[in-house]
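Chemist: Whenever a hint applies, use it, and build me the whole structure from the sequences.
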Amino acid sequence: MIYQDSISLSTKGNGDIHEITGNVELLIKQSAIGNGIVHIFNVGSTGAVGTIEFEPGLARDLPEFLNRLIPPGKNYGHEQMWHDGNGHSHLQATLLGPSLTMPFKERQLIRGTWQQIFHLECDIKPRNRIVYITVIGE
Amino acid sequence: MIYQDSISLSTKGNGDIHEITGNVELLIKQSAIGNGIVHIFNVGSTGAVGTIEFEPGLARDLPEFLNRLIPPGKNYGHEQMWHDGNGHSHLQATLLGPSLTMPFKERQLIRGTWQQIFHLECDIKPRNRIVYITVIGE
Amino acid sequence: MIYQDSISLSTKGNGDIHEITGNVELLIKQSAIGNGIVHIFNVGSTGAVGTIEFEPGLARDLPEFLNRLIPPGKNYGHEQMWHDGNGHSHLQATLLGPSLTMPFKERQLIRGTWQQIFHLECDIKPRNRIVYITVIGE
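Chains as they are written, first to last, in my numbering: chain A, 41 to 178; chain B, 41 to 178; chain C, 41 to 178.
What the hints contain is simulated information worked out from the structure, not anything from laboratory work. One should not assume that every hint holds.
Quick list of in silico lysine-lysine cross-link-like pairs, DSS-like style, CA-CA up to 27 Å [claimed, not checked]:
#1 K52/C to K165/C
#2 K52/B to K165/B
#3 K69/C to K145/B
#4 K114/A to K165/A
#5 K52/A to K114/A
#6 K145/B to K145/C
#7 K165/B to K114/B
#8 K145/C to K52/C
#9 K145/C to K69/C
#10 K114/B to K52/B
#11 K69/B to K145/B
#12 K114/B to K145/A
#13 K145/C to K69/A
#14 K165/A to K52/A
#15 K52/C to K145/A
#16 K114/C to K165/C
#17 K145/A to K145/B
#18 K145/A to K69/A
Values in this document were obtained by computation on a predicted structure and should not be read as measured data.
Modeler: Here's what the structure looks like:
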């Protein structure tokens, strides 16, 4: 059995991070599928998803780390081709990745107590984001 | 068809790496599912899974690389909030990710000869870990 | 329903990047599965897959970033054990990861307009690569 739906987010630009654990857990329940996996996918090349302990310290640490590792700048090939100022956004998003899969059992998401699902905006402008959810199981 | 089970690991703290290829291959056989995918998930926010050539050199190189890139320290927002000394552990684990999916066919895991599955402990203390396995296919 | 197939690539060594979006979209159509997920897996420990805006600037930026972050060198434990010159290749590939999952609906891959699927060769020599594809859905 397959159930597909999506989560909409309005983001404020680079470093804006949202917790979407509750949204994903709700869609598992709506799917009426008991056991399986849920796939979480950021549509677009400058956003990412993953798991983290979602608390204010790490919500700041993760984008700060990415901006130190892959800072904004004019020297990216992407910048020299397109001049849109978001070369670093693309590399940050590709490094973290757009795709996360998690298991669930008896309609409960399997995760650590302090392990939540985040969406991270890497682009430099506010964006309306679609996070596409697919629940697969029986 | 869905089959779910888990692997238990006792880890020794940051940088402790375990090979779990054999465990995953055994669970594929136990599932009695012929063809499909196997999903491997670290429960908790300070551990990660992935693939690597599992030999002593790389088993040292991977955690050393992560500790150079994201060293222990007091300047993480997480540290300033919680003072538990594992801000770097969270970022290392989020960067590698808790989730890996691999294909199998005729009950055989598809992988390179030198491509094994690892679990990496990023936390600073010994932990008892659950790696949750979901086999999906027909 | 499950459909499995593979994509063959000839690569030119470290930094050689291929777009495989069209190949994956073709296999979804061949599968005759309407809705579900497609799993894309690099067989071998020195190649990776992911999503990126596939344009010449970023196609250069991504491998350049990885080679600055994890440069070739003699100091890797892998190098000291095996002397094959590709310690950095393994770490680069493990960091990006061998596995990508994407959703599709009504036989159409769900992705951003500028979000394409890449395969990145991290090894130091030309390689013949198998990217294993599993389509799951109904």
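Chemist: Hint by hint, say whether it matches the structure.
Modeler: Taking the hints in turn, this is what the structure says about them:
1. Proximity of K52/C to K165/C is assessed by CA-CA distance (about 6 Å); at most 27 Å being required, the pair is judged to hold.
2. Our distance criterion of 27 Å between C-alpha atoms is met by K52/B and K165/B, whose separation comes to about 7 Å.
3. Distance restraint check for K69/C and K145/B: the Cα-Cα separation of roughly 21 Å lies within the 27 Å cut-off, and the hinted pair is therefore satisfied.
4. For the proposed pair K114/A and K165/A, the alpha carbon gap of about 17 Å is at most 27 Å, so the pair holds.
5. For the hint linking K52/A to K114/A, the alpha-carbon distance of about 22 Å falls within 27 Å, and the restraint holds.
6. The hinted pair formed by K145/B and K145/C meets the criterion: a straight-line CA distance of about 24 Å does not exceed 27 Å.
7. Between K165/B and K114/B the alpha-carbon distance is near 17 Å, which keeps this suggested pair within the 27 Å criterion.
8. Using a Cα cut-off of 27 Å, the hinted pair K145/C and K52/C is violated, with the two alpha carbons roughly 34 Å apart.
9. Distance restraint check for K145/C and K69/C: the Cα-Cα separation of roughly 11 Å lies within the 27 Å cut-off, and the hinted pair is therefore satisfied.
10. Our distance criterion of 27 Å between C-alpha atoms is met by K114/B and K52/B, whose separation comes to about 22 Å.
11. A threshold of 27 Å between alpha carbons decides the hint, and for K69/B with K145/B the separation of about 11 Å falls inside it, so the pair holds.
12. Straight-line distance between C-alpha atoms of K114/B and K145/A comes to about 38 Å, which puts the hinted pair past the 27 Å bound.
13. For the suggested pair K145/C and K69/A, the alpha carbons sit about 21 Å apart, so the restraint of at most 27 Å is met.
14. Taking the CA atoms of K165/A and K52/A, the gap is about 6 Å. The hint holds against a cut of 27 Å.
15. As the CA atoms of K52/C and K145/A are separated by approximately 44 Å, the hinted pair breaks the 27 Å bound.
16. A threshold of 27 Å between alpha carbons decides the hint, and for K114/C with K165/C the separation of about 17 Å falls inside it, so the pair holds.
17. The hinted pair formed by K145/A and K145/B meets the criterion: a straight-line CA distance of about 24 Å does not exceed 27 Å.
18. Under the criterion of a C-alpha separation no larger than 27 Å, the hint pairing K145/A with K69/A is consistent with the structure, at around 11 Å.
Of the numbered hints listed earlier, those contradicted by the structure are 8, 12 and 15.
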